[in-house]
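Be aware that the sequence shown starts at 1, since it is given in my numbering, and climbs by one per residue.
Read the hints as simulated data drawn from the structure, not as lab findings. Don't take each hint at face value.
Quick list of in silico lysine-lysine cross-link-like pairs, DSBU-like style, CA-CA up to 35 Å [unchecked claim]: (1) 228 x 262; (2) 228 x 268; (3) 223 x 332; (4) 198 x 262; (5) 342 x 228; (6) 276 x 332; (7) 337 x 244; (8) 383 x 162; (9) 332 x 200.
None of the values given here were measured: they were computed from a predicted structure.
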Amino acid sequence: MDTDQENIYEKVEEDPIYESPYGSINTEPNYENVEHESPADPVYSEIHRMSPDYINTKEATQDEERDTSSSDEQEEKAEMTIGDGEGSRRQSSSSESSGDPCDDKPLSVNDDLLMAYSLPEDSSPEPEEIVDYSLKDVEESTPEEPATVSDPSQPDIALFVKAGSDGESIGNCPFSQRLFMILWLKGVVFNVTTVDLKRKPADLHNLAPGTHPPFLTFNGEVKTDINKIEEFLEEVLAPPKYPKLAARHRESNTAGNVIFAKFSAFIKNTKPDANKALETALTKALKKLDEYLNSPLPDEIDADSTEEEKSSTRRFLDGNDLTLADCNLLPKLHIVKVVTKKYRNFDISSDLTGVWRYLNNAYAQEEFTNTCASDNEIEFAYKDVAKRLAK
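Given the sequences, and given the hints that come with them, work out the whole structure.
Structure representation (structure tokens):
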């Protein structure tokens with residue numbers, strides 16, 4: 001009896017802190033300290049690995065109670081764990097009893113603080129991700145808001161033109177190209193829709209019932225008359241914001257105005273004996289246009305010059321810039337050139353230098369080339385119109 005008391009006294013004397021947790025069978029205080037103390041690496045490893053070391057700790061505690069005689073080496077290890085707290089002491093005992101191959105040395109105080117600082121970041125990553133995503137949504141939506149605001153000074157214009165044989169490309173229609181060129185030259189923003197007459201959508205039929213392209217909508221108002229549309233656009237889309245396209249000289253508006261009628265009579269004729277006369281009439285109309293293009297305009301004539309009057313070198317009907325007169329004549333003149341060559345083997349004479357200068361200058365303008373149907377599309381459109389001469 002005295003011997004047992006002496007042993008107890010010796011343990012209290014040498015290591016009161018070590019005896020306290022192990023003198024009691026209840027190990028709950030040691031388990032709670034895992035949550036409240038600074039989590040050293042061994043303690044965190046126990047929790048992360050589904051607490052295998054905690055089970056070993058209980059076994060080590062029971063072995064420690066049964067073993068009343070400890071060697072000097074075990075007492076020295078127990079003393080080393082006093083300064084590290086109860087959690088570190090429990091880890092040292094469990095490591096000795098279990099022989100865990102993953103056992104690590106206790107971390108220093110600074111390492112414990114580092115682990116305590118980094119642990120909350122690892123344990124709760126989801127709230128941080130939510131915050132990041134919410135910020136990204138706000139940043140992405142901010143620049144899109146100005147795009148949804150329309151410019152009140154910019155009219156809403158939609159042009160509907162005839163579609164080609166494929167139902168999508170620009171089809172052969174000099175009137176469609178006429179309006180297309182006007183809007184392009186004005187520099188206004190507008191939408192273009194090609195309309196397949198064979199499969200006209202129901203919404204377009206309701207938009208302009210009984211009307212074939214071209215037509216347009218201006219701020220929701222439908223306009224179908226070609227000449228009135230031209231006048232309206234010239235009035236509404238006026239300087240200083242938009243250029244003026246009206247010709248300065250009245251003669252420019254009527255130059256070449258009979259060419260297309262002469263061409264239609266020539267291409268639809270089926271009588272061989274009338275073909276020559278119709279060809280001559282077309283050639284005469286082309287010569288008249290050539291004369292106008294080679295004749296200098298009043299502003300090209302120098303009244304003070306004593307030199308003989310030279311021919312005009314202007315690029316278009318009314319000068320060096322495209323006008324409404326060109327938007328009307330050029331699409332028709334191009335059709336005449338393409339179709340007569342294909343179905344009548346007729347070429348515009350190279351002697352008509354003014355006409356060829358006029359056409360070549362037009363082919364260098366994107367306002368013309370980008371609004372014009374392809375030559376194949378034009379030829380296809382006149383396949384049934386051009387009549388074969390009877391033999």
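Hinted pair residue 276 and residue 332, Cα distance within 35 Å: holds, 22 Å
Restraint status (C-alpha distance of residue 383 to residue 162 at most 35 Å): holds, 17 Å
Proposed proximity, residue 268 with residue 228 (alpha carbon, max 35 Å): Between residue 228 and residue 268 the Cα gap is close to 30 Å, so the pair holds against 35 Å.
Residue 332 paired with residue 200 [C-alpha distance capped at 35 Å]: Within the cut-off at roughly 25 Å; holds.
Pair hint outcome, residue 228 versus residue 262 [Cα-Cα no greater than 35 Å]: holds, 25 Å
35 Å Cα cutoff - pair residue 198, residue 262: holds, 29 Å
Pair hint residue 223 and residue 332, alpha-carbon separation not exceeding 35 Å: Within the cut-off at roughly 22 Å; holds.
Residue 342 paired with residue 228 [C-alpha distance capped at 35 Å]: Holds - the C-alpha atoms of residue 228 and residue 342 are around 34 Å apart, at most 35 Å.
Restraint status (C-alpha distance of residue 337 to residue 244 at most 35 Å): holds, 29 Å
When held up to the earlier numbered hints, the structure conflicts with none and fits them all.
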